[in-house]
Every structure is written in C-alpha cells, then in structure tokens.
Amino acid sequence: MATDPRAPETLSLATFTQGIWQENPVFVMLLGLCPVLAVTNTATNALAMGLATLFVLLCSGVLVSLLRKIIPKQVRIACYIIIIATFVTIVDYAIQAISLDLHRALGAFIQLIVVNCVILGRAESYASKNTVINAFVNALGMGVGFTFALLCLGVVREILGFGTLFGLTLFGASFQPWAVFALPPGGFFVLAGWLFLFALIRKRRAAAIPEESHVA
Amino acid sequence: MSAETDPVPPPVLPSSRKLITALAAIAMISGLLVAVTYEVTAPVIKLNQQRALEQAIFKVLPAATVHANFRLEGATLSALTSERFAEANVFAGYNADQVLVGIAMEGAARGYQDVVKILYAYDPAQNGITGFTVLQSSETPGIGDKVETDAAFQENFNPLDASLNAGGDALAHEIITVKNGRKVNPWEIDGISGATITSTAIGHALNDSAQAMLPPLLANRDLLIAPHTKGEDD
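Residue numbers (my numbering), protein chains in the order written: chain A, 12 to 227; chain B, -6 to 227.
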C-alpha cells in the first residue's frame, strides 16, 4: 500500500504471499463474499468453488497482463469482463464434465464468478500493470488465499451442519446435525467467527512487532 | 495522487476504430476458447447426464437390469433409441428375463424453496407407486430432504395405490398427502411432521404426473411389455 500502486512491482515472495495473508481477499479485504457465504455449506463445495475461482483468476490475470499494452484504457473494463466471462464459461463446462452433482450443488454461483470482485479487482489493479509472471504469481496467491478462506468456512459448516467432512461421516449415529450451519445464517456465524479470529491474530502480531524492534 | 506529480494530460481519445478493433479481437479470442472447450466437454457432459439418469432409474427400479426409453406425447407412446434419452419421459425397466418390472416417470411440484423434481416408479402388476428418488431440490437440508431418508415416509410406497378408475381415464382416487399418522387408505401418503410442505409437494407431484401419464400409458401397455431398445453398453 505504501508504494505507488501504478508502478510495476518486482517479483518477490510477497507477490505470492500477500494474497494468502496480508491481503487475503476474504478475511482482510472482505471481497467476493457472495460465494463465500453461499456455497461453503460443505468442504467439497468450498474447495470446488475455490479452485474454480483460482483457475479464473490465474487465466484472466495472465491474459489481461499479456494484452495490457493492446487494450485501450477506455474499453478496458469491457475487455476484462469478456476475458473473465470466457474462463468462467470454460470452468462451467469443465465442472459439468467432472461431476453433475457438483455442478448442481454449486448452481448459479459458478456463472456468478464473472462478477466476483476479487477477479475484476486483480485484473484492474494488478494484472493490467504488471508483467505476466508477476500477474500469474499474484493471482496464484490470491486464488490460494480465497480457496483457503472458503475451506475454513466449509470445513466448520460441514462438520457442524452435517457431521461429515468431505462426505465422510465423523460421528456416530447419535450425532444430531446442527442444521443451521448448513443454512445461510450459519455462513454468517462461521464467517464472523473466522474474521474475529484473524483480526485477533493480526492485532497480536502488530502489537508484537514494535516490541521486537525495541529489543534489536 | 497529488497535483504536482500528476500533470493533467490533454484528453486524447483514441479513434473509435481502435476501440472497436480491440474489443472485437478479444471477443474473437474468447469465442474461440469457449467453442473449443464446448467441443471437448460436450460428449463427456452428455455421458454424465445419461449416467445420472440411469442411476436414478435403477435406484427406483431395483429389480431392473436394463431399461428402455419412451416418449409419451398426448396419447401416443413411441420408443426412443438410447442416444435420445434426453427427450424421453417414460423409462421402462426390465429384469434379466426381459420381463417388465416397472416404469419410471418424472414428476414435479412446488416445494418450500423451489420446485422439487422427482423420478418415481410405477408397477403395473401392483397398480401402484413403489418408490421415488429426488432428482432436483433445494429444500432445507435436515428438514425437507427427510422425504428421501425418513424410513416411515418410504413405507408409504410399498405400494402406494395408483389404480385407474373404471373408465381408465383418471386415477380411481387422487393421491394426497395427509397429516402424519392420519393415513387410512392405500392412496394416501402419511406426511412427515416438520417437513409438511415438502412431503405435500411429493404428493402433488405424484398425483399430477400419475393423473396425466398413467391413463395414456396403460392404454399403450403392449408397447412396454417387451424392450424395444436393447442397446445397453454397460
């Protein structure tokens, strides 16, 4: 944030890790919350949605970066949307070919990846200003961070809401599933829990850094 | 961001031709990518759909080993090849001795969240509905999906009476879902308390479909007796 956002970034480990931790799209930037809440009722759905978004992020990031000198500024958003929609359509067909059940479970949210603000945000603020390799690494980090966040929600909601994990039964027959966690309100509860936890960790870390510098 | 580092450049707009060319080029690239993906995945997707349908058919007709697809339109029943499964609305199941063991048909009715689509089995020998499976539903997990998991609810279907009236043009008795524990007649479905709306939807779906399909279907019963398409690959 401190550097000029328009200057091309040099490739470093931070290019990759900022999407996972410092700028995690879900837990820090609170972007793309629609699929985060809607399709994290099971860990499988969450993982599939995360990977689908990761694929679209990667491909659109690379293509936008490749075409960044060709795309006129005035029509850039339209171009980004076409590029993103292309890869979303590809993902849509791919998921149908992999598993119809999965496609049915994810429903309209696959097509809605087109309007996921994480992807358009990356295209506009990163891929259009950086080299292909940087755009690839950054999109990979963001996608992994997004998938990680979805999995965090999906695992908790599936265990509490269905008593299973990735479809495997965890508890005995006496376990009464906590259905609210499989329902939309459960998404909000679990998201709030994770946000609280991550905010706490970040606060602790921020408080710890000045103390360390004093010692040094 | 500040005024000194950002001298205001004179607004030079590129020609419209340049903008249109760029957009058209990108649209062409994306069109090509989508077309290639479609070509590659279409046969796999069709195979998946066929497999999912077959799974549902053999689930509601456990005694069947092969099935044949038919299309019922008005009063005419025509046999379809296995490639045209998507157009079929009647699936006849046969056992290893080529004897008709049941007929699977689709039904749909409004549930709590959205339309509940089911595939149900009708046994002509028993004049009744012997079971169903949910094809598509967005009912509340843990509540609406009980219609498939609740053992007492499944007990309604061994069999559920769906015999035709004397004239053969409608069901002798309408299939209805009654309140839990109030079932007295074989054509009534004992509902699930707590999942009333979904269990009522199952009753509506069965009644609507059976009323419309069974009279013309049984008039064409001869056509169903022996399988016409024996093209099972697996």
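Think of the hints as simulated: they come from the structure by calculation, not from any bench. Mixed in with the good hints, there may be bad ones.
[To be verified] If you anchor each label on the Cβ, the simulated ranges turn out as follows:
no.: 1; chain 1: B; residue 1: K11; chain 2: A; residue 2: V143; range: 21 to 27 angstroms
no.: 2; chain 1: B; residue 1: P4; chain 2: A; residue 2: L176; range: 24 to 30 angstroms
no.: 3; chain 1: B; residue 1: A28; chain 2: A; residue 2: R115; range: 46 to 52 angstroms
no.: 4; chain 1: B; residue 1: G161; chain 2: A; residue 2: L176; range: 52 to 58 angstroms
no.: 5; chain 1: A; residue 1: L111; chain 2: B; residue 2: D90; range: 28 to 34 angstroms
no.: 6; chain 1: B; residue 1: K11; chain 2: A; residue 2: A219; range: 49 to 55 angstroms
no.: 7; chain 1: B; residue 1: Q147; chain 2: A; residue 2: L111; range: 43 to 49 angstroms
[To be verified] Footprint (simulated), chain B over chain A, 3 or more residues, beta carbon under 8 angstroms:
no.: 8; region: 87 to 100
no.: 9; region: 105 to 111
[As the list claims (entries may be wrong)] The list that follows gives simulated cross-link-like pairs (lysine-lysine, DSS-like), each with its CA atoms no further than 25 angstroms apart:
no.: 10; chain 1: B; residue 1: K11; chain 2: A; residue 2: K140
no.: 11; chain 1: B; residue 1: K39; chain 2: B; residue 2: K139
no.: 12; chain 1: A; residue 1: K140; chain 2: A; residue 2: K84
no.: 13; chain 1: A; residue 1: K80; chain 2: B; residue 2: K11
no.: 14; chain 1: A; residue 1: K140; chain 2: A; residue 2: K214
no.: 15; chain 1: B; residue 1: K139; chain 2: B; residue 2: K176
no.: 16; chain 1: B; residue 1: K172; chain 2: B; residue 2: K139
no.: 17; chain 1: B; residue 1: K39; chain 2: B; residue 2: K52
no.: 18; chain 1: A; residue 1: K84; chain 2: B; residue 2: K52
From the three backbone atoms N, C-alpha and C, an ideal C-beta is built for every residue, glycine too.
Kindly indicate which numbered hints from before are broken by the structure, ordering the numbers from low to high. 2, 3, 7, 11, 14, 18
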